[in-house]
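The residues making up each chain are set out below.
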Amino acid sequence: METVDDVRVALAEHDYLADEGLATAVFLAIRLQRPLLLEGEAGVGKTEVAKVLARWTGGELVRLQCYEGIDAAQAVYEWDYSRQLLHLRAVEAGGGDVVEDELYSERFLVKRPLLRAIAYEHDALTPAAPPVLLVDEVDRADDEFEAFLLEILSDYTVTVPELGTFRASVPPLVVVTSNRTRDVHDALKRRCLYHWIAHPDFDRELAILRVRAPDVPEALARQVAAAVEAMRTLDLYKPPGVAETIDWANALAALGQSAIDDHSVAATLGTILKYREDQERTLAHGLDQLVHAAAERSA
Amino acid sequence: MPDTTVAGVAELDTPGGFDRLAVGFARLLRAAGLDVPVGNTVAFGQAIAAVGVEPRSALYWAGRATLVRRPEDADIYDRAFAAWWEHLHTLSLGAAVTRDVVVAFDTADDAAVAADDGEPPGGDVQSVRYSRAEVLRERDFAHYSPEEFAEARRLMDDLRVTGAMRRSRRMRPSRHQRGRPDLRRTVRRAIRAGGEPIHRAYVAPSERPRRLVLLCDVSGSMETYARALVRFLHAAVVGRGSVEAFALGTRLTRITRELSSRDPDAAIAAAAHRVADWSGGTRLGEGLRTFNDEWGVRGMARGAVVVILSDGWDRGEPELLAEQMARLHRVAHKVVWVNPLKSSPDYAPLARGMAAALPHVDEFVEGHSLASLEQLARIVAS
Chain H
1 METVDDVRVA LAEHDYLADE GLATAVFLAI RLQRPLLLEG EAGVGKTEVA KVLARWTGGE
61 LVRLQCYEGI DAAQAVYEWD YSRQLLHLRA VEAGGGDVVE DELYSERFLV KRPLLRAIAY
121 EHDALTPAAP PVLLVDEVDR ADDEFEAFLL EILSDYTVTV PELGTFRASV PPLVVVTSNR
181 TRDVHDALKR RCLYHWIAHP DFDRELAILR VRAPDVPEAL ARQVAAAVEA MRTLDLYKPP
241 GVAETIDWAN ALAALGQSAI DDHSVAATLG TILKYREDQE RTLAHGLDQL VHAAAERSA
Chain Z
1 MPDTTVAGVA ELDTPGGFDR LAVGFARLLR AAGLDVPVGN TVAFGQAIAA VGVEPRSALY
61 WAGRATLVRR PEDADIYDRA FAAWWEHLHT LSLGAAVTRD VVVAFDTADD AAVAADDGEP
121 PGGDVQSVRY SRAEVLRERD FAHYSPEEFA EARRLMDDLR VTGAMRRSRR MRPSRHQRGR
181 PDLRRTVRRA IRAGGEPIHR AYVAPSERPR RLVLLCDVSG SMETYARALV RFLHAAVVGR
241 GSVEAFALGT RLTRITRELS SRDPDAAIAA AAHRVADWSG GTRLGEGLRT FNDEWGVRGM
301 ARGAVVVILS DGWDRGEPEL LAEQMARLHR VAHKVVWVNP LKSSPDYAPL ARGMAAALPH
361 VDEFVEGHSL ASLEQLARIV AS
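Residue numbers (my numbering), protein chains in the order written: chain H, 1 to 299; chain Z, 1 to 382.
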């Protein structure tokens, strides 16, 4: 990988069509060994970036889904307490004496995603490429969690007090995603490269549809992309993302449609608009207008 | 760290040249109002080295990835970049690097971040120090003389807004012998007891304050109250964690960052500077819509206590306001509407906006005096 364009091409080969901005951000994340923070509306393909990176580089995808209240025991490491207790009893029964160090050795350590990504070692059974660490929806975790995430991401080390420090031999490729339900702390943002993934334009969305929904006839795909483009100008609460576009195209194709019409749009509206208010607004705007816009684009 | 003076024109194909280029642009961005820490400038220099300075888009995206951290800043960046690019190409690349650039290594920035994390002063202090204050407490803000206002400001500095608590998913060691076992501590104790888990330890869920979101109407009709209410906002923002503050006028402005400075006067000046439409008109419905779209429904208002401080005079459509209030009410834990006019005995919520919003409000309170703000602080905490 030498240039930004190499990244774009490689991602495209793995079915992810990135624009120049995203390709540059990914290129720099690899080259500068910095975490990549991706923000954007739901359904624009943030998580997908990490998955596709793993497919491309061949590294293992290590995913950490964040949620409210997540802590070190679930994200970094935990001791295997039941095995520790069993071991204690076994030694005790054999009349031996338990040395504490024995109990806090690596065989009783349960590695959670962050430690797994850092302590990764390449051997005969594992891929040579460093793992891809996906920290998904970091905005759902609380600020305490961000603090130790920052600590780990700044020097790619994890310290287990009873054992010592794990240091990544090759830093993992880190992708952090956020839906912006709250601002991620500035210190974490400063550590990361940042990219805002926007909704794709018509041509890119059409290209994505062709790749991700190959069963959808091209004429229908054009119309779907055009109708979605028109929907995004309707001032909706939740404008459809790429994921919804793909769902919708698949739904229409499954119904045997080769073109969009009033009836089929009304029947499948629930796959693309998930708020009742948005559906009402679209219906009030007039489905025939959408159909008309779609027909014009496909001409 | 000492200031470093970078002088002279560099050859661009050396790494140092890229750094100078990066420093020059970072200065331009800072002048345009963007917060660019030195670490990001360094990353930008490395990024240029990795992608090169041609074509324009390569340099553009290298900067976007390293220097911009919020989508709102993209506009400023675009304008600054366009100007910079022009500059680079009219003056030749080398000359673009300004002479005598003073690079201030600002470590103060990190200190500020650290201070942010610290110590919310504990306790629910709502003390009032002076007996003279008793008179002031009940007085309507609209009737304050400047001296009284100065006095009230001192009293407001004592105001502490604590939050309602909610159960967190995070566990804390518990002193009680019930609930979920704490295996980590139990194993530790078992070692001492020869492998027998005699002394068992337990954990219990901890509590966290609910997020508090304050939306303050700063339109012309609220002018007499807004200066006092913003004070209240400041007390809330600095008093505890997870508080967000917004100003509602013809548009919505987030002022949490501005208000988080400890010094009330500096904080309020910064907030006023940030709000472009202070004492202008009101579009409550649209402002709330922006809030719901950009912040609230995405998560900020979920399970939060949302306080709207407004007299309910709205130039926009009441239907829109009602719709947005309903949306907000569906995600929030509690919606409190504070209306300074409510204290008047013959007040009835006839303003169209107020009438539209009321069905979606859990608590409707006054906010015209210090006493009523103390009352509000209590409601927020319950």
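Keep in mind the hints are simulated off the structure, nothing from the lab. Be a bit skeptical, because a hint or two may be false.
[What the hints assert, rightly or not] The list that follows gives simulated cross-link-like pairs (lysine-lysine, DSSO-like), each with its CA atoms no further than 27 Å apart:
no., chain 1, residue 1, chain 2, residue 2
1, H, 238, Z, 334
2, H, 111, H, 51
3, H, 111, H, 274
4, H, 274, H, 238
5, H, 274, Z, 342
Comparing the hints with the structure gives:
1. H:238 to Z:334: holds, 24 Å
2. H:111 to H:51: Since the Cα atoms of residue 111 of chain H and residue 51 of chain H sit roughly 21 Å apart, the hinted pair holds (cutoff 27 Å).
3. H:111 to H:274: violated, 38 Å
4. H:274 to H:238: Within the cut-off at roughly 8 Å; holds.
5. H:274 to Z:342: violated, 39 Å
Consistency note: the structure conflicts with the earlier hints numbered 3, 5.
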